[in-house]
Amino acid sequence: MNFRHVMQGLIRFFTLTLLMLGPAFLMTGQAEDRSQDQQARQLLAARCAVCHSTDLIQQQRLPRDRWEATVKKMVHWGARLDEAEQAMLVAYLAKYFHPEARPVVERDRSTAF
Amino acid sequence: MRSHFGPPPPDRIDKATWRLALSGLVEHPLILTFDDLSKFEEVSVTSVVQCSGNGRAFHRPTVPGVQWERGAVGNARWTGIRLRDLLRRAGLKSNARHLQLQGADRPVAATVPLFVRSIPVEKALHPDTILAYRMNGAPLPLLHGAPLRLIAPGWMADACVKWLTDLTVQEEEATGYYMETAYRHPIRPVRPGDVIAPQDLKPVEAMIVKSLIAQPQQGSTIPSGKVMVQGVAWTGEGRIVRVDVSTDDGQTWEPTRLVGEGAPYAWRQWQFLWQTQGPGPRTILSRATDDRGQVQPMTSPWNPGGFLWNGIDRVQVRIREA
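As they're listed, the protein sequences go chains L and P. Residue 31 in my numbering is what sits at position 31 of the first sequence, and the numbering runs on without skipping anything. Residue 353 in my numbering is what sits at position 240 of the second sequence, and the numbering runs on without skipping anything.
These are computed hints drawn from the structure, not numbers from a lab. Everything numeric in this text was worked out from a predicted model, so none of it was measured. Some hints could be false.
Taking lysine-lysine and the DSS-like style, the derived pairs with C-alpha atoms no more than 27 angstroms apart in a straight line are [as the list claims (entries may be wrong)]: (1) L:Lys73 - P:Lys206; (2) L:Lys72 - P:Lys152; (3) P:Lys152 - P:Lys206.
Chain L side only, calculated, beta carbon under 8 angstroms to chain P, not exhaustive [to be verified]: (4) Gln38; (5) Gln60; (6) Leu62; (7) Arg66.
For glycine and all other residues, C-beta sits at the position ideal for the given N, C-alpha and C.
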């Protein structure tokens with residue numbers, strides 16, 4: 001086996017590896033998002049729903065700064081969330097329950113007339 | 114039924130051991146048992162009880178809080194004793210200005226502020242303000258505040274504290290989150306994001322003129338021909354004098370028939386026989402007017418708490434082909 005064969009073998013190996021793992025690399029971002037969402041949902045169940053229903057959260061449509069203020073208020077009132085957990089929760093809430101999300105109330109009265 | 118923390122545990126409101134304490138700026142502090150209430154004259158009042166946030170979901174931009182649409186309101190006959198009679202028995206001191214009300218309900222965590230409210234002494238001494246122990250002739254149900262709640266007719270329900278145990282006469286308004294931060298409303302128009310000075314926020318008190326369409330229901334398909342449109346209307350410390358309906362997006366309005374006798378504080382039913390012309394989608398609007406000339410606006414002024422929504426009610430229906 002000469003040097004050329006070794007190099008060809010290595011190139012084939014890396015090409016194959018890239019072909020196999022490429023989609024997995026592309027998926028990593030989404031998987032991370034899913035995992036973050038899942039963790040945030042677990043926090044909602046474990047730290048928020050101990051005092052009130054999650055309906056109260058899911059019916060809100062708020063910009064990030066209002067979510068930050070709301071989570072801070074809840075921590076002030078005794079919700080057990082450290083800084084990292086608060087940040088994760090705010091990111092999740094601002095991502096899914098923002099003002100442009102599908103409205104809970106389908107008729108927008110302020111623009112109806 | 115809405116409350117901040119849910120009903121108290123049964124032992125805190127058991128009629129056999131329950132007590133109502135009246136203290137603070139009074140000559141003779143009182144502690145009453147449930148049976149003691151029967152020593153006062155019994156009175157009744159029919160009154161709407163409505164959450165201050167009823168209709169909050171219709172404010173734009175959206176505001177935090179329970180996204181009520183229309184359902185956070187009811188109307189009932191309340192029976193009990195005049196709060197005034199109790200206060201006179203105790204004797205108010207000359208510097209008495211506010212009555213603080215607290216119930217037996219408690220939050221899940223001790224770090225959450227208690228639900229404590231106060232009303233000005235003028236409202237507390239109003240002859241129609243009662244401590245109610247019956248609702249529609251039956252003992253006050255648990256979720257409505259058994260054994261005793263305040264009914265401040267014409268005022269929003271945040272004043273009508275349930276599961277009452279402690280009345281305290283004070284010179285100042287009650288302190289705490291539910292008085293100093295929540296249930297406050299700007300006294301002048303504000304825009305989203307405006308910083309509102311504390312002196313420009315006052316407690317939510319009286320209700321304002323409002324109507325709801327109960328039938329036909331939103332999204333329903335109705336026959337071509339005569340269709341009964343009906344609903345209710347109410348206001349704060351006054352009465353409804355007319356309700357108009359529009360079926361052409363507000364271009365023209367027609368008066369409805371007010372049903373029964375009008376009574377202050379109660380809601381009034383109204384009916385309108387609509388000769389539909391279809392087929393196709395239509396929008397029904399209702400607009401109430403009270404005896405002080407207050408008329409429902411198209412939309413209510415935006416405010417950060419999303420309180421006091423009383424925009425014209427609106428139901429979309431589809432008329433079936435004849």
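Here's how the hints hold up against the structure:
1. A threshold of 27 angstroms between alpha carbons decides the hint, and for Lys73 (chain L) with Lys206 (chain P) the separation of about 38 angstroms lies outside it, so the pair is violated.
2. Distance restraint check for Lys72 (chain L) and Lys152 (chain P): the Cα-Cα separation of roughly 49 angstroms exceeds the 27 angstroms cut-off, and the hinted pair is therefore not satisfied.
3. At roughly 23 angstroms between alpha-carbon atoms, Lys152 (chain P) and Lys206 (chain P) fall within 27 angstroms of each other, so this suggested pair holds.
4. Taken as an interface hint, Gln38 (chain L) does not check out: its beta carbon lies about 25 angstroms from the nearest beta carbon of chain P, beyond 8 angstroms.
5. The beta carbon of Gln60 (chain L) comes within 6 angstroms of a beta carbon in chain P, closer than 8 angstroms, and the hint placing it at the interface holds.
6. For Leu62 (chain L), the interface hint holds, the least distance from its beta-carbon to any beta-carbon of chain P being 6 angstroms, beneath 8 angstroms.
7. Evaluation of the Arg66 (chain L) hint against chain P yields a held restraint, the C-beta minimum of about 6 angstroms falling below 8 angstroms.
Checked against the numbered hints above, the structure breaks hints 1, 2, 4 and satisfies the rest.
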